[in-house]
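Starting from the given sequences, assemble the full structure and let the hints guide the process.
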Amino acid sequence: MAGILVYALHDGEGNFNKNALGAISEAAKLAGEVGGEAAAVVVGYDGDDAGEKLGAYGAAKVYRAKDVPEGLAQPIVDVMTKVISENGFSYALFGGGLLGFEIGAGLTARLNAGVTMEVTDVEARDGKLVALRPILQDSAIVDVAYVGEPGIIIGRLNAFDPVESGSGAAEVIDLDVELSEFSTKARMVTRGEQRGGDVNIEDADVLVGGGRGLGEKDNFKLAEELAEAMGGAVAATRAVVDAGWYPYATQIGQTGKTVAPKLYLAAGISGAIQHKVGMQNSENILAINKDPNAPIFEFCDLGVVGDLHKIVPKLTEAIKAKKGG
Amino acid sequence: MKICCLVKEVPDAAVQKRIDPDSKRLDRSGEKNLNPFDTHGIEAAMQIREGGAVEVDEIVAVTMGPSSAVRALHKAVALGADRSVHLSDDALAGSDVCATGLALAKVLESESPDLVLLGQQSDDGECYVMGAVIADHLKMPSLTQVIKIDVDGEAISCERQAEYGYDTVEIDLPAVISVGDAINEPRYPSLKAIMGAKKKPLDTKAIGDVGIEANQVGAEGSKTQVLGMNPPEEKAGGEIIEDEDTNETVEKIVAWLDERKLV
Ligand SMILES: Cc1cc2nc3c(=O)[nH]c(=O)nc-3n(C[C@H](O)[C@H](O)[C@H](O)COP(=O)(O)OP(=O)(O)OC[C@H]3O[C@@H](n4cnc5c(N)ncnc54)[C@H](O)[C@@H]3O)c2cc1C
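Each protein sequence line maps, in turn, to chains A and B.
For what it's worth, the working numbering labels the leading residue of the first sequence as 1, then goes sequentially.
For what it's worth, the working numbering labels the leading residue of the second sequence as 326, then goes sequentially.
Hints should not be assumed to be uniformly reliable.
Stated by the list, open to error - Taking lysine-lysine and the PhoX-like style, the derived pairs with C-alpha atoms no more than 20 Å apart in a straight line are:
(1) A:Lys185 / B:Lys586
(2) B:Lys577 / A:Lys310
(3) A:Lys322 / B:Lys586
(4) B:Lys327 / A:Lys322
(5) A:Lys314 / A:Lys290
(6) A:Lys262 / B:Lys327
(7) B:Lys473 / A:Lys217
(8) A:Lys262 / B:Lys523
(9) A:Lys314 / B:Lys577
(10) A:Lys29 / A:Lys18
(11) A:Lys82 / A:Lys66
(12) A:Lys323 / B:Lys586
(13) A:Lys290 / B:Lys327
These are calculated hints, taken from the structure and not from any lab test.
Just so it is clear, the structure is predicted and the values come from calculations on it, not from any experiment.
Next up, the structure:
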């Protein structure tokens, strides 16, 4: 059988990842063109509704390995390898995200297959898929074809929209998979831990987002003072959260929170896609960045090219003066 | 314990990158540098050595690339590696991810490391995948985008942020770990280390030395083929102001906020 196999990531409680559902929708759209159907792989989930939930987005079959743990790539590479070698899929498609990268990469090695990552679009040409991938800070898009099968396609975040196709429940096929010896040598101790208390940034009308451009931890007070003057709260990028400058609970983005305030003021934030997905629905986006080529300038409403250390303190003063006056 | 650090020479961040329209490959002329993410891998190796929880016998920098890539190895040695290995062969030109991963895995195999460290991404675009490709070839467990490593004898404990929050993962050695730039603050090399770097042992290997067949790498061993290259769609950005006079800039920002009833 030809067709397209997708990895259906979930949170362990039966909530499937939006990017995974997007990938299934995309696979369902393209499967006919390459001959075959869209199918999904699920691990570590024994809910009765997997077939319904994934079928709704166009999966015809769900290959399920209940006993394989979710969250680590290598056991999933074992599962997908088995499914592909027994059923002959032509492509494996991953929605954007960390695990997609890891699993896709492992499959590449295991199956000696071609891989393309950060793919923003997939086209069928003469019964084969061509992946479109932006390169060099999105200044060019390359069209990539695959030599041999399967071709491995790793999407960029939000590249594929989840679309309910109105199809019925997928057939669920339970698998017993013997894991490779090395796949069992990594053990999840804790998954999905939330750190940094229960700061509530979701309710704020105004958010001042601080990025690495602030320069150091102590400079977050610039963002705090501005937020206070505007009656808002402070949010952060993953780069600064990972560096320990600000709590995880304030992180916006793919692996953080999604917000939609009236104003998002990005100070020293490059605007990477993983950050963008968490704040792009803000009503107004104002960005201060000294690099005129920063990606954030492509999707903000007002962009200020300049040094935030000069601008932010004066802006805070001006806002205080305005409110006081 | 023997640690191999993968390093890569990349175009300097300040250099405008471009694609050669004929070969459809990255134009690699211009200023080059050691991939910044890899310096965090070397620093992580140094901290394991200095941490004292395990005995680190050797830190070996490994790269694949044209002859100019020795400069990346010299930098790696200046940052703390004891020696380096350079896989260099005309047959490697044009290798895609699949072929590059295989070639690097073969070099590493010949070194039998207990731990392989690398940066989670290279500045010139191989996004996040190399560690996992190599690990599968080496049949070692792996984790990518790691921001904390604790070494304790036979196993290491790693932390990273994944789709749903922080994961803590325990991994048996030997293993392949790719690190993010928040894991540490790489040290500056001392003048003495920079001067001494060229004197440290450097092994140059051709593909035959590590058991790679010519048809496994280069364009022939690659499983992807670039068909074409196009400019992206034009995007309508917002209004942009350049900060020349900050008082004026601030006035404009306040007016903009005011107009939208945000202050
Ligand atoms: C799987 C995965 C998940 C991720 N999840 C998230 C997520 O949830 N959230 C998230 O934010 N990121 C996430 N990331 C990381 C993301 O890719 C970026 O690395 C991150 O958003 C960058 O943060 P930053 O903009 O603060 O830092 P940088 O990219 O380093 O940008 C700093 C910016 O500050 C500017 N600057 C520097 N100095 C000044 C100055 N004096 N004045 C003005 N501007 C200045 C620079 O020009 C630069 O544009 C994820 C990555 C991966 C791979």
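Worksheet entry | Hint check, failures only | As far as the earlier hints go, 1, 4, 6, 8, 13 are violated by this structure, in ascending order.
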